[in-house]
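Asks: Construct the complete structure from the given sequences, taking the supplied hints into account.
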Amino acid sequence: MTGSAWRRFLMNKGAVLGLVVLAIVMSMAATAPVFFPGNPWNMAGAPVTPPLEPGHLFGTDMLGRDVMATIAHGARVSLLVGAVSTAAALLIGVTLGAVAGYVGGRIDDVIMRFTEFFQSIPSFVLALLIVSIFQPSVGSIVVAVAIVSWPPVARIVRGEFLSLRSREFVQAAIVLGQNTRQIVFGQILPNALSPIIVLASFMIATAILLEAALSFLGLGDPNVMSWGFMIGSGRSTIRLAWWTSVFPGIALFLTVLSLNLIGEGLSDALNPRLRERGGRR
Amino acid sequence: MTEPLLRVSNLSVALPQGGDRTHAIEDMSFDLAAGEILCIVGESGSGKSVAAAAIMGLLPPPLPVRSGSILFEGSDLLALPPEDMRTRRGRRLAMIFQEPMTALNPIMRVGRQIEEVLEAHGQGDGASRRARIIQLIGAVGLPNPKEIADTYPFRLSGGQRQRVMIAMALVMEPAILVADEPTTALDVTTQAQILHLIRDLQRQRNTGVLFITHDFGVVAEIADRVAVMQHGRIVELGTRDQILDDPRHPYTQRLIAAVPRLAAHGRPHIDAPPLLEIVDVSKLYRSGGFMSPRREVAAVTRASLTLARGETLGLVGESGSGKSTLARCVVRLVEPSVGAIRFDGIDLLGLSPSAMKPHRRKIQMVFQDPFASLNPRKRVGEIVAEGPITHGMASAQALAKAAELLSLVGLDDSAVTRFPHEFSGGQRQRIGLARALALEPELLIADEPVSALDVSVQAQVLELLADIKARLGLTMLFITHDLRIAAQICDRIAVMRRGEIVELGATAALFAAPRHAYTRELIAAIPGRAWEASRPRGAA
Amino acid sequence: MSLGHFLAFLARRMMKAFFVVGGVVIMAFFIVRLAPGDPAMVIAGQSGAADAKFMEQLRAQFGLDRSLAEQLFIYLRGVATLDLGVSHRVQRTVASLIGERLFATLLLTGTAFLFALAAGISLGVMAARRVGTVADSAITVLALTCYATPIFWMGLIFILVFAVWLEWLPALGMFTIGGNLSGVAHVVDVLRHLLLPALTLGLFYMALYARLTRASMLEISTQDFVRTARAKGMKEGPILRRHVLRNAVLPVIGFAGVQAGQIVGGSILIETVFSWPGVGRLAFEALLARDYNLMLGVFIVTSTMAVAINLLTDIVYALVDPRIEMEG
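Protein chains in written order, with our numbering: chain C, 1 to 281; chain W, 1001 to 1540; chain F, 2001 to 2328.
I should point out that these hints are in silico values taken from the structure, not numbers from a laboratory.
Misleading hints may appear alongside valid ones.
To be verified - In silico contact screen, one side only, chain W against chain F (beta carbon under 7 Å); selected entries: (1) ARG1089; (2) MET1095; (3) ALA1120; (4) GLY1124.
Heads up, the beta-carbon is just placed ideally off N, CA and C, and yes, glycines get one too.
Replies: This is how it looks when you write it as structure tokens:
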């Protein structure tokens, strides 16, 4: 990001707040084994301890697991799944979108039909199907989330490539004699990055929600403690121990919110409507 | 002397903080009489549009009025409460805008949009309104008024939409019509029609017209009086003849001198072997595919021409004529459907991309849009050096060459490390030219290189082009829609219409005795032709 | 547009929808085949894998001993005749299971969708009209909150607050069991049960549509034709309604149609949380029991629902926007 874009970003209070919260969540995830050593699945105290008791700030669930420890460890799964699946979806989507937008013609048609088809399917149902058939694990969840998340990327990237391909500075590059690789990577991609970066931020948020929903329904990796799983397992005891579901949900909410705020901040910062049209004529 | 219809006194409108000046317009004063056309002329940033908006009460909130008065029909418009001003808008004062393609609501029928004016001012009822609308649509020269009234804007051309706008403006018989560059976005033949329409309607209704423009040809064509603006101030105000034939202020003089002369002085016939031969080139676009009906559009049909070494050939036409498509065929940005293009004897169309590469050095292009023709993320030095680097020159050497070229086109050394957005439009076009020259081409294709620039800047860039061409011995294919510009710098001109070359000949001969009807139409449509005859023969 | 054009347009869209559904069915077929292990095991799930004779039956029934192409054909033929197979766990046809739950899901998603559109567009318009004020910020905050909250968690919170603590609304189910109500009283009862689930499902999309509407309104306000309307001397009210709103709402409708699939997917979560007797909950039960036949059936049906909603919004969009080429 250029200097002026950074400045614009930092002037956006919401975006800075989002950045701070995300940093907190990330450091929580990183330091989880330090502050909450041991297995979060293990019993840490008396079952159904309400919050604000000594040693269990967020209480314990019906099996005696410390809620705060599970939140800290759960952060790792959420962030990991969110980041990796988004990266995979971006890889697929950017490649398909770039080819469709740059080559055009028949190939564009075919890729777009394919993308539209995928977008018509309810993504959550497809993700459910994939995870349940291939047995729940972090791997299958990442694959499922990536598979349902790539279509919007492809659409946006295709749009960018299409519009940039006919932009005059790209035409000038062709006339200069540059080959396809030089044009795609040297001219088009750097100018198409901004919307991709913004999109990535929102996609990570959606991926985290998707993983949480899958875990909530019981399709999470059984060896991994996840926020969604906690909310789901706390459901049966919600009248007695509301904190087991509420706090992980708040953690989820804050993480997703911060990513959304960052995304909005990036969008405003990287969208210099006025910059290029600075000198009129 | 009768009271003027409109009296603007000492009008000042401020600009938001951080701009290059404090006021959009400063201390502006002028009168408009009933039945007269006052042209306000200026380049971009002169404040002419702000003046128009101020009179209509349409200034956006960031632009507050600081002082002055606008007297109209007994009231100071600036002092009126918003609701009172609203009742005058559309009824006593009307406005038409520059871009007909976006000025109408795309999902509302045209007749309904005109009816809204009558509705907003409580006029008549359904039937009488409809009758009036149909009558007016006919009066602005549109055929089949009833059908047009029920049509959506996207089915109409730019010229037709502008006529609808005029109908909308005149339906309540306003005393004043404010026209903000209404013909700038139109083809020259359409422009001529709309100008005459405005003048005729204005005469019939004795309307006072405030006509904003940047084109002195238009001024010559229809103005009664002229106000010249620069940096927010009126620098000269007078009758049409006074301003055009005897401009006093240096800025006015400069602007008028910058308008390319229509006098096509005879150029020596260039007798040299052909560098470029375009033989029977056609380009068809097919749309539609799986699940939609196919459509075919012929952008270029059987175009043939030859370009001798050292000459400048102009490709002239209106929008949709195919001139840009044909130019792009030469550099193979567009692949012709049939035909041959020979450069120095070699058929370019048969070459594979890698075989084409060495030939690309010899044919380079300058583009139209200064804001889109430079990669916004690269520094200027990189942009100019890209060509040589792509063809194998070492990076340091290429950058040195870039610096040389930038000073050749009149830019500072420091330009090398700056980004495109730091430069003005005219400067960016110079950078584009430097980029094209970096490969030392033999043929330069200029695709409307000055169309997006202000008049005074246009003159400078054209001069630069002519100078460089002479110095480096270039051959040039010059695409433009402006016959004045073509007259100034082209040796021969090819006139294109709907994809076909309808006439091709030496410039002077073409202007003196055009053979094709369309060429005659184009020449006749040039605004301000009559004025050309009386223009003082200054420096050409 | 003329009737002829419209019918041609409809025919083309329906054919496209048909192809999508066909694609979904084929995809479903292959997903099961792709799963690790023996397809018969996958289909039998947990309900009878041990029984060798049962597995033989299954194989014969699905033609698993025949070539892949034949299997596909059998499957497609089955789906075309609405035979989606049998759920061995419950010993009933998938079609009948889904059929009896379909209405509940349609009621839920339909209500949520309409609520989201109505509330979202209203809030978006309000925010755009009062851009920069406290009201605008408040709406933005509300939208951000609803958008970032996981809907299943929101449902739990709502149950906790409104059903358990305040006891204003019922927590679970579609109607009071054993209530034996009829007529208006029954409808009211269903509505009371519908309120929380529909609200939960709808709030997320309401936030989405509100943001989109606001952005769209603000963008349209800067367009030239709005300036023309002002120059004509129109009052602000009609300008907003006839010029800004009508144009601004178009992309929202388009977007809502594309999003339709997501609402249908979200109903699985909501129905699970609120024990709403719909297709979504059926999917959940099928999941737990690894009843793949049922899962596939739900997959196909929900995809068809999404495609149908998409088609409907496409039609509405085409009717409202005259620029959509009926013949293009």
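Asks: Now look at each hint and say whether the structure bears it out.
Replies: How the hints compare with the structure:
no.	hint	in the structure
1	ARG1089	holds (4 Å)
2	MET1095	holds (4 Å)
3	ALA1120	holds (5 Å)
4	GLY1124	violated (15 Å)
Consistency note: the structure conflicts with earlier hint 4 alone.
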